[in-house]
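Protein chains: 2
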Amino acid sequence: MIGRLNHVAIAVPDLEAASAQYRDALGATVGAPQDEPDHGVTVVFIELPNTKIELLYPLGEDSPINGFLEKNPAGGIHHVCYEVDDIIAARDHLKETGARVLGSGEPKIGAHGKPVLFLHPKDFNGCLVELEQV
Amino acid sequence: MIGRLNHVAIAVPDLEAASAQYRDALGATVGAPQDEPDHGVTVVFIELPNTKIELLYPLGEDSPINGFLEKNPAGGIHHVCYEVDDIIAARDHLKETGARVLGSGEPKIGAHGKPVLFLHPKDFNGCLVELEQV
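Quick mapping for you: the protein sequence lines, in order, are chains A and B. Okay, so the first sequence: first residue is 1 according to the UniProt record's numbering, each after it adds one. Okay, so the second sequence: first residue is 1 according to the UniProt record's numbering, each after it adds one.
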């Protein structure tokens with residue numbers, strides 16, 4: 001069912017410093033910051049040959065990653081995103097196996113303009129999993 | 001400098017349950033457990049079309065992930081591994097930028113039989129980074 005690893009998201013306390021580090025210290029291709037007000041984050045994409053790293057920084061007081069950065073002030077790996085062909089079929093299959101879908105259970109349009117869902121980290125080894133229909 | 005994302009490692013408290021979940025609930029291609037006594041872990045590789053997920057479970061009392069699972073009993077994302085062409089050149093460049101290399105600073109042979117180094121998570125947004133020479 002799951003396909004490619006679309007991205008790994010890393011929440012960071014200083015977006016400019018993290019971008020500079022990936023560009024200068026790690027020598028990666030780093031994009032410009034993009035505000036995603038619907039998702040409460042500013043993101044920077046790091047393009048690797050086979051996938052992306054998504055640096056996440058809070059945008060606004062209700063940002064969903066404020067709590068994560070309070071618990072992890074230095075930052076940390078926030079989630080992994082797997083691609084699926086049919087997000088409704090994937091959701092229904094996962095629910096049958098007992099996995100919990102976060103929120104209303106209906107896909108939202110994610111930061112890349114595609115339908116996404118998040119799965120409960122307690123059901124996936126402490127790992128927040130995003131599914132994105134591609 | 002960094003190339004492909006070689007893998008994302010997820011430490012899990014129950015390797016059999018996590019393998020079954022990736023196979024049955026997420027529908028992924030899941031390998032057999034492999035003991036890596038030199039690294040104090042048993043690993044299960046999950047093959048995605050563009051990269052791998054590495055499930056990690058402690059092997060022995062001195063396993064380097066015992067402490068992680070004590071802090072995160074449900075499991076969690078443990079590290080990301082980026083590929084490099086020349087691990088000594090990468091290490092020397094990173095040290096010049098102020099990043100700390102864990103351990104002796106000399107590459108060890110990793111679970112895939114290739115030279116690896118780990119970078120201090122405090123220098124990388126709370127994210128443990130492995131470099132693997134490919």
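Please note: incorrect hints may appear among the correct ones.
Any copy will do: because identical chains look the same in the list, a pair fits if it lies in one copy or spans two.
Derived DSBU-like pairs: lysine-lysine, alpha-carbon spacing no greater than 35 Å straight-line [as the list claims (entries may be wrong)]:
#: 1; residue 1: Lys71; residue 2: Lys122
#: 2; residue 1: Lys52; residue 2: Lys114
#: 3; residue 1: Lys95; residue 2: Lys108
#: 4; residue 1: Lys108; residue 2: Lys52
#: 5; residue 1: Lys95; residue 2: Lys122
#: 6; residue 1: Lys52; residue 2: Lys95
#: 7; residue 1: Lys95; residue 2: Lys114
#: 8; residue 1: Lys71; residue 2: Lys95
#: 9; residue 1: Lys122; residue 2: Lys108
#: 10; residue 1: Lys52; residue 2: Lys71
#: 11; residue 1: Lys71; residue 2: Lys108
It should be emphasised that the hints constitute simulated quantities derived from the structure, not laboratory data. Just so we're clear, the structure is a prediction, and the values are computed from it rather than from any experiment.
Results for each hint:
| no. | hint | verdict |
| --- | --- | --- |
| 1 | Lys71 - Lys122 | both (17 Å within a copy, 15 Å between copies) |
| 2 | Lys52 - Lys114 | both (16 Å within a copy, 23 Å between copies) |
| 3 | Lys95 - Lys108 | within (17 Å within a copy, 42 Å between copies) |
| 4 | Lys108 - Lys52 | both (21 Å within a copy, 27 Å between copies) |
| 5 | Lys95 - Lys122 | within (14 Å within a copy, 37 Å between copies) |
| 6 | Lys52 - Lys95 | both (28 Å within a copy, 24 Å between copies) |
| 7 | Lys95 - Lys114 | within (21 Å within a copy, 39 Å between copies) |
| 8 | Lys71 - Lys95 | both (29 Å within a copy, 28 Å between copies) |
| 9 | Lys122 - Lys108 | both (21 Å within a copy, 33 Å between copies) |
| 10 | Lys52 - Lys71 | both (25 Å within a copy, 28 Å between copies) |
| 11 | Lys71 - Lys108 | both (26 Å within a copy, 32 Å between copies) |
Violated hints are absent here; each numbered hint is respected by the structure.
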